[in-house]
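**Q** Each chain, letter by letter, is given below.
Number of protein chains: 2
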Amino acid sequence: MPNIANDPKRKSWIEVPNDCDFPIQNIPFGVFITKNDDITIGTRIGNTAIDMGALQRLHYFDGIELTDDMFMQDTLNDFISDGKKTWRLVRNRLAELFDAENPKLRDNKEHRDIILFDVSEIEMLLPVQIGDYTDFYSSKEHATNVGKMFRDPENALLPNWLHIPVGYHGRSSTIVPSGVPVRRPNGQTLPAGETQPIFGPSKLVDFELETAFITTDANLMGEPIPVAEAEDYIFGMVLFNDWSARDIQKWEYVPLGPFLAKNFASSISPWIVTLDALEPFRVKSPEQNPKPFPYLQQEGEHAFDINLQVAIQPENEVETVVSNSNFKYMYWTMSQQLAHHTVNGCRVNSGDMMGSGTISGPTEDSFGSMLELTWGGKNPIKMNDGSERKFINDNDTVIIRGYCDNGETRLGFGECSSKLLPAVEIK
Amino acid sequence: MPNIANDPKRKSWIEVPNDCDFPIQNIPFGVFITKNDDITIGTRIGNTAIDMGALQRLHYFDGIELTDDMFMQDTLNDFISDGKKTWRLVRNRLAELFDAENPKLRDNKEHRDIILFDVSEIEMLLPVQIGDYTDFYSSKEHATNVGKMFRDPENALLPNWLHIPVGYHGRSSTIVPSGVPVRRPNGQTLPAGETQPIFGPSKLVDFELETAFITTDANLMGEPIPVAEAEDYIFGMVLFNDWSARDIQKWEYVPLGPFLAKNFASSISPWIVTLDALEPFRVKSPEQNPKPFPYLQQEGEHAFDINLQVAIQPENEVETVVSNSNFKYMYWTMSQQLAHHTVNGCRVNSGDMMGSGTISGPTEDSFGSMLELTWGGKNPIKMNDGSERKFINDNDTVIIRGYCDNGETRLGFGECSSKLLPAVEIK
Chain A
2 MPNIANDPKR KSWIEVPNDC DFPIQNIPFG VFITKNDDIT IGTRIGNTAI DMGALQRLHY
62 FDGIELTDDM FMQDTLNDFI SDGKKTWRLV RNRLAELFDA ENPKLRDNKE HRDIILFDVS
122 EIEMLLPVQI GDYTDFYSSK EHATNVGKMF RDPENALLPN WLHIPVGYHG RSSTIVPSGV
182 PVRRPNGQTL PAGETQPIFG PSKLVDFELE TAFITTDANL MGEPIPVAEA EDYIFGMVLF
242 NDWSARDIQK WEYVPLGPFL AKNFASSISP WIVTLDALEP FRVKSPEQNP KPFPYLQQEG
302 EHAFDINLQV AIQPENEVET VVSNSNFKYM YWTMSQQLAH HTVNGCRVNS GDMMGSGTIS
362 GPTEDSFGSM LELTWGGKNP IKMNDGSERK FINDNDTVII RGYCDNGETR LGFGECSSKL
422 LPAVEIK
Chain B
2 MPNIANDPKR KSWIEVPNDC DFPIQNIPFG VFITKNDDIT IGTRIGNTAI DMGALQRLHY
62 FDGIELTDDM FMQDTLNDFI SDGKKTWRLV RNRLAELFDA ENPKLRDNKE HRDIILFDVS
122 EIEMLLPVQI GDYTDFYSSK EHATNVGKMF RDPENALLPN WLHIPVGYHG RSSTIVPSGV
182 PVRRPNGQTL PAGETQPIFG PSKLVDFELE TAFITTDANL MGEPIPVAEA EDYIFGMVLF
242 NDWSARDIQK WEYVPLGPFL AKNFASSISP WIVTLDALEP FRVKSPEQNP KPFPYLQQEG
302 EHAFDINLQV AIQPENEVET VVSNSNFKYM YWTMSQQLAH HTVNGCRVNS GDMMGSGTIS
362 GPTEDSFGSM LELTWGGKNP IKMNDGSERK FINDNDTVII RGYCDNGETR LGFGECSSKL
422 LPAVEIK
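Chain order of the listed sequences is A and B.
Just so you know, my numbering puts the end of the first sequence at 428, numbered straight through with nothing missing.
Just so you know, my numbering puts the end of the second sequence at 428, numbered straight through with nothing missing.
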């Protein structure tokens with residue numbers, strides 16, 4: 002099925018500002034509350050949110066095989082379950098419907114009034130009910146930086162790292178959409194040089210610049226997904242801030258991995274940009290040496306050129322951009338991650354989410370966490386408001402942005418923005 | 002509200018064989034397919050499965066505030082969300098309805114024919130849609146055994162272990178009910194003395210004897226659950242086999258914890274025994290020294306005296322009991338685990354599951370894994386069929402059983418039984 006929605010020449014009858022993340026070539030999917038308090042599945046062009054539930058009721062999806070209430074739901078899980086062919090049919094239909102040359106909806110004011118909202122009138126919700134959430138650790142630069150800081154600078158990478166897309170399970174119950182504030186966690190930490198832990202608010206709350214992909218039902222339990230098929234089971238991507246409490250992590254993580262240091266909150270951008278929309282931005286991933294096992298070997302271009310940026314905005318102050326990175330630096334691709342995740346027969350469902358791991362580039366200004374940017378707090382960042390940051394302060398807002406631009410098409414993810422509130426008091 | 006369902010003197014008009022795990026004092030909750038292919042919520046007395054959806058339709062729950070289809074669902078999540086008061090009202094009603102002296106249903110053959118099934122006529126399903134699954138590591142004997150084997154016998158426990166109920170996130174998508182076979186996983190391992198990993202079926206598949214508890218909606222994100230309230234949010238318990246591939250785990254788990262070594266499968270017993278039913282079996286937990294932080298301190302009896310047993314049955318052979326342990330040995334209690342899990346504001350939902358970690362007792366025959374029972378394979382177990390086991394062989398069935406007996410009441414969990422199938426071939 003041709004992916005006509007990506008036609009770079011298409012223009013929409015909906016106005017799209019310059020450098021907007023949501024041209025008609027994007028057509029992401031999300032879930033929102035309208036100004037009438039209805040929850041619907043929708044998409045976005047420019048600064049206009051489009052109620053796909055209303056579109057379906059008004060028969061704009063007729064001819065595509067869909068359940069009657071497909072877009073009148075509060076999660077995308079069922080739509081994602083329908084698979085790649087349906088995703089593409091729906092995205093193509095939306096491209097045609099909002100094409101500048103198509104009068105059908107353009108010239109129907111009554112329908113437009115029901116279907117279209119200004120994005121300022123809606124509230125974005127989590128786009129999927131996330132079943133299981135896995136986080137990988139697939140940036141070689143990040144793993145190397147952490148290894149240099151906490152282990153042996155000469156042997157920064159652990160022995161398994163070049164063979165395995167290392168990953169671990171996270172908690173889905175505290176994944177929230179952009180805009181929802183998060184709380185500084187309380188927990189146990191071991192002060193430097195001490196042998197007895199103390200209890201209280203974490204002093205080292207950090208962001209982690211990540212992306213995440215959302216899967217469809219991919220396999221039955223016991224069945225591996227071949228790496229060559231893995232991309233067929235990836236619905237799309239979001240920006241992801243894997244909030245981390247470094248001091249809690251350091252004390253708790255041996256031997257079973259991070260737990261309370263991570264599961265207090267993770268934030269995602271609310272519009273899922275489909276893998277179809279990202280197609281024009283494929284690039285080759287870094288060369289892998291040693292060559293991975295056959296179940297991880299792939300030919301062609303499986304990385305994506307996605308510019309990423311992190312800014313910190315102190316309360317009532319201007320923001321400061323602290324990192325500029327790119328998803329293309331990742332050593333392990335999403336398809337390798339998914340093939341590895343299932344090589345043991347682990348089942349993957351619609352709405353599962355898999356984080357990339359912190360995305361650090363090769364230069365110091367492209368690192369994906371304060372831990373790396375300030376090198377463990379040794380080199381504070383000077384902020385535009387005159388203050389300094391080693392980690393994230395109470396009431397700071399962390400904003401992650403991401404976009405692709407190949408000269409023909411520019412599209413992006415919008416923002417993953419969340420404010421860190423002070424810790425609650427615990428008796 | 003009195004917990005009258007626990008009355009040890011009550012007898013049921015349904016026959017209960019001697020030493021059956023399901024006397025009328027148990028009244029566990031589960032989900033099953035009837036012989037008519039209907040899915041329903043139900044309970045069990047003796048070898049009789051009771052269709053609670055049918056009971057509701059026939060007005061046997063009238064007077065208890067329930068949604069109209071509460072028991073006509075395929076998971077217990079909504080019922081669990083209703084909270085402890087409702088659980089108790091429903092369990093009390095069932096106790097009265099099946100009391101030997103109550104003729105209401107006893108003498109209504111037409112209703113009995115709709116409501117009651119022999120357990121051989123039904124198929125048990127997963128009782129809840131598990132949102133997030135966490136596994137703890139709370140047996141001091143198990144953590145000590147592992148530490149002795151893999152680290153320093155003189156300092157077997159890691160420094161955080163006595164301060165933290167150490168836990169990590171697992172995968173809910175591959176948790177299956179008793180009876181569903183599981184597959185030996187493929188994966189990467191590092192042979193002893195080698196520097197390069199190999200790929201293939203795990204050679205060291207092990208069981209882990211655990212229990213798990215199921216929670217209700219406990220808190221909002223950001224809100225800790227005080228340890229003194231934690232038990233109010235625990236619906237009940239199941240037996241749990243946390244299948245583990247020791248060789249995959251050893252190679253993959255640094256630095257972020259176990260992943261593919263665990264998420265290929267975990268098995269649970271299908272009847273959730275409520276914390277109310279376990280009330281008569283409370284005992285004191287082991288003394289904690291050093292004293293934990295205030296958020297983990299509790300008075301009274303918060304452990305439960307549950308006898309646990311593991312048997313291995315080779316295909317077409319008699320079984321061999323390889324371990325006899327008890328849940329009361331656990332160093333950290335379930336309420337401490339839940340208080341710790343949420344002290345950072347981590348949200349807990351209805352249907353979340355939390356595993357105890359491997360339950361090992363103080364004696365060599367009470368260890369909760371083959372790893373410990375054979376001390377890393379050094380001391381193979383002699384089986385009743387003449388064979389030997391270091392770990393689990395293809396086509397072995399691992400059976401976990403658990404029951405409580407205080408002299409007045411004996412009740413149990415039934416079985417958590419699952420067969421290990423050979424690995425699939427991967428090109």
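Simulated from the structure, these hints should not be mistaken for laboratory data.
Be aware that one or more of the hints could be misleading.
Any copy will do: because identical chains look the same in the list, a pair fits if it lies in one copy or spans two.
Claimed, not checked - List of simulated lysine to any residue pairs, SDA-like, C-alpha gap at most 25 angstroms:
| hint | residue 1 | residue 2 |
| --- | --- | --- |
| 1 | 85 | 67 |
| 2 | 285 | 14 |
| 3 | 110 | 292 |
| 4 | 149 | 65 |
| 5 | 105 | 300 |
| 6 | 149 | 196 |
| 7 | 391 | 19 |
| 8 | 149 | 102 |
| 9 | 383 | 194 |
| 10 | 292 | 194 |
**Q** Confirm or reject each hint.
**A** Here is what the structure says about each hint:
Taking the shortest Cα distances, residue 85 and residue 67 sit within 25 angstroms of each other inside one copy (13 angstroms), while across copies they are farther apart (40 angstroms). Taking the shortest Cα distances, residue 285 and residue 14 never come within 25 angstroms of each other, neither inside one copy (35 angstroms) nor across copies (71 angstroms). With identical chains, the CA atoms of residue 110 and residue 292 are never at most 25 angstroms apart, being 58 angstroms at best within one copy and 70 angstroms at best between copies. In the homo-oligomer, the alpha carbons of residue 149 and residue 65 never lie at most 25 angstroms apart, since the shortest distance is 54 angstroms inside one protomer and 62 angstroms across protomers.
Proximity of residue 105 to residue 300 under the C-alpha cut-off of 25 angstroms is found in neither arrangement, the shortest distances being 43 angstroms within a copy and 70 angstroms between copies. Proximity of residue 149 and residue 196 under a CA criterion of 25 angstroms is satisfied in both settings, with 24 angstroms inside one chain copy and 21 angstroms between copies. Within a single copy, residue 391 and residue 19 get their C-alpha atoms no closer than 35 angstroms, and across copies no closer than 66 angstroms, so neither meets the 25 angstroms cut-off. For the identical chains of this complex, residue 149 and residue 102 are neighbours neither inside a copy (57 angstroms) nor across copies (73 angstroms), given an alpha-carbon limit of 25 angstroms.
With identical chains, the CA atoms of residue 383 and residue 194 are never at most 25 angstroms apart, being 28 angstroms at best within one copy and 49 angstroms at best between copies. In the homo-oligomer, the alpha carbons of residue 292 and residue 194 lie at most 25 angstroms apart only across protomers (21 angstroms), although the nearest pairing inside one protomer, at 42 angstroms, exceeds that limit.
The structure does not agree with the numbered hints 2, 3, 4, 5, 7, 8, 9 stated previously, though it agrees with the rest.
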